[in-house]
Amino acid sequence: MPKIQTKTEKEADWEEKKSIVDYISSKLKKADYYEIRLVESKGDSILMNNGNIEAVGFGDGSGIGVRYILNGCVGFFSTNFFSKEKVDETIERSLKINSKIGELGKKTKFSKEKIEKADYTVKEKKRIDGIDIKEKIEYIKGIDSSLLESQTKLISRMIYYSDEKTKKMYLNSEGSRIESEIPRIDIYYRFAVSENGSTLQRYWQNAVSGGFEKIEEKHIDEKIKKEAIALKRNIIEGVQSPKGMLEVIVSPEITGIMAHESVGHPYEADRILGRESAQAGESFVEPTMLGSRIGNTIVNVVDDPTVEFSYGFYLYDDEGVKARRKYLIKNGIINEFLHNRETAYELNTHSNGSARAVSSHVEPIIRMSNTFVLPMDYKEEELIQETKFGIYIKNFTEWNIDDKRLNQKYKGNEAYLIENGEITKPIRQPSIEITTPALWSSVIEIADNLELHAATCGKGEPMQGIPVTMGGPSMKLKIRIN
Amino acid sequence: MMKDIDFQYVIHLTEKVMKQIKQKNVDDVVLHSGIERNHQTKFANNKIVKTDVSSGYYISIFCSINKRIVETTIKDLKEENIEKTINDIIRYSQHLPENKNFEGIANGPFRYKKLKYDKKLIDAEEKAGEIIEESINSACEKKETRNSGVFETSLSENYLLTSNNAEAESIDTNVYFSIRSIYEKDSSGHKVYGARFLKGLDAEELGRKAGEFAIDSKDPREIENGEYDIIMEPLPLAIIIESIGHASSAFEVETGESFLRGKLGKRVGSEEFTLIDDPMLEDAYDSSECDAEGVPTKTKEIISKGVLKTYLHNTSTAKRWNTVTTGNAGLISPHPWNLVVKKGKYKTEKMIKEIKRGIWVTNAWYMRFHNTLTGEFSIIPRDAAFYIEDGEIKYSVKNIRINSTLEEIMKNTAMVGKDQEKIHSWEVEGSVITPSVLLKNIKITRPVG
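Protein chains in written order, with the numbering used here: chain B, 1 to 482; chain L, 483 to 931.
To be clear, the hints were calculated from the coordinates, so they are not data collected in a lab. Heads up, a few of these hints could be off.
Unchecked claim - Simulated DEER-style distance windows between Cβ atoms:
no. : chain 1 : residue 1 : chain 2 : residue 2 : range
1   : B       : Lys-388   : L       : Lys-829   : 53 to 63 Å
2   : L       : Lys-787   : B       : Lys-218   : 43 to 53 Å
3   : L       : Arg-703   : B       : Thr-297   : 31 to 41 Å
Bear in mind the structure is a predicted one, so any value in this text is a computation, not a measurement. All C-beta atoms, glycine included, are put in the ideal place defined by N, C-alpha and C.
Could you build the full structure based on these sequences and the hints that come with them?
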């Protein structure tokens, strides 16, 4: 019989790894500040292409990431070696490089924050590490079967499943100590429908934090089938999109990407202060713009990591600061930026708990969590019924935005004409190309159908793809369609 | 505390894993292992904001059991963990359906032409401050600019062992430098360099050029939507070339998602456009002696004078396509190494003179596809871009978007520059070596409102 590692052995292993944390702490006594993250991740992955299981993967690994400030300069080091000799070697390298920066080094200071002690876990009814790989395969096969039931001509079908349980211990030299365990499940799919020599492609991500029951609640199988049917209809029956100034109703999916790209990103204070200039870019927003109008008074956009079972969920960030809801736009006014302790110090405020690192091997930087437009009272149907002539955009494919977050494009995929308060014909690829202030000033009405859609947000160098959601309800805009 | 680990010990453990896993009646096994040592110094606003060092080790396992594929990476090399992982591989495989597409891995042994590596690169991490300072100083030579970027060095000791008698040991080094220079609110320039040896890095010159772009692009204006000729610098072009390289993987073609499906032997670009995959370049970012199956790598033309010559193959895709591997494994999906756009004979000045109405684009980002099957995409020029009229640069421009297809980019390549640059960047994960090109009649749009 194969030897099964018992829970006690796993715990003993974790405790043994924790002992290296004490050792590193003792080595960094001269630092002005230090923080240590011990991270252990375990998970499965499945790649299915056109119904064929190409490969299954699993992984179980741990590492340690340390950030410190010495003589004002920030040093970071990481390793998955847990021997004293290798840790010593890595610390010595780091201290040596840091000591040679001299006058070129920025003198970094952090805002003063409360010392936190906490231990939290995301509850799972169906534990992801308790479910057999066979069941996970059957689940994605079910999604694929549902797609096939759409009776469309599918020329490519790809589904990628991954889950991961991340156990983390954080401590800093000020006395904060936080332990957490968060399971996450992520399903990404992409397919293409062909008719009459034309193709349309759809890709989307569905992801949660929590047990397997949380991804089942997403009913991906039903959604993917409907999407394929809609694309087929779009190719066969789709008419040219009307152009010019129109009333446009965008679904929660489009609202979400708009909130993420043109509110969340430009409100990241590290971009505003230029730290990400050569990577993800800077921002059109300047510190002095707090309190100035950016959109219609009905627009409220928040970033909230505390939404239970959301993909962007956490309760304490990777600087040990307690997470909370941030109102980025309040009644159309720029209200708050996303901060870590470095930017909070520079802008004379407090961190709002927005620093995250995707693994032990990278530094924490400012990230969004769950960024969404707050809902209002209208029903989506009412927005449609009140529209004499306009369009409804249900989902999108191509999108992008410039590195200051001003010039953006969203190209509709599944989209329809609205005539006399009713959705009529499908339309082909309506394109919104607009600046950020114009976009948020064009919002006429906001519905009540809040949805959060999962995404993996890219930032940092090396690239850190971090779990987030982006969302909101349907919105009616008065904008120009190209 | 755990036993100390060096490269010889990792090799020893890798051989042990192979021995243990072979006892389990498996078919094909590929083991990759190694020790990595990385460094990054990041700067922003003319100051170093972080130094970053890392060290790590791993053993990756790819295993086929009755055409059931299981992959994992061991990052904790305790004896009991290795044993548990091997048992888990067998357990996982018992629950999998057959991978109908899998046709096995290459049969060794092989002989490899060795690539040199930069033995002095490790010392360079301590010189990061000096190198960055030189670059910032030259970016500020003409006017005061605000500069940000990174300097990275890495060394990895790698070992490959397969159940089909391939065995390879190598050392790879990498250097990467990036500097973005900002002059006024809307004027900036960006230059990068990625290679295997430090000696080719001229951080001063990169800083100088980024600074010049920043200063020259001040007071940008808006332009009208329409078709323009575009001179694309190596940095933005590399993003598009990497997408073309990705689409040339036989696996991508088989999935149905590549715009190159059904186009083997057909014209996909102009006579001027030749794309080569060259893994054995002495001083390039993604050079490699062997692929993921241990097959020696080789140079090949993917697109020759506009005609698609080959897809990229591993052993499994090659068998399905009734051909031989091109040495581009990816154990599931083949991939390119160093993508090289064959240089032409023109200087940028000559291309500018040829343009009646056009734009010189020096950087771009956020390339997104509307449809990978048709290759339709848009990408946003970033940093300095200049409007050209009747062969002369008139002024800098902002807020523009390029809308095209991958095939249109290749087919509309009218002139190819003579000076290649080695690009690895925030947007280009791999390695692209390319000169500038002149593209005819590309659709440009801008936001309204």
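Hint by hint, here is what the structure shows:
1. Lys-388/B x Lys-829/L: 53 to 63 Å: 58 Å, holds
2. Lys-787/L x Lys-218/B: 43 to 53 Å: 49 Å, holds
3. Arg-703/L x Thr-297/B: 31 to 41 Å: Holds, at about 33 Å.
The structure shown violates none of the earlier numbered hints.
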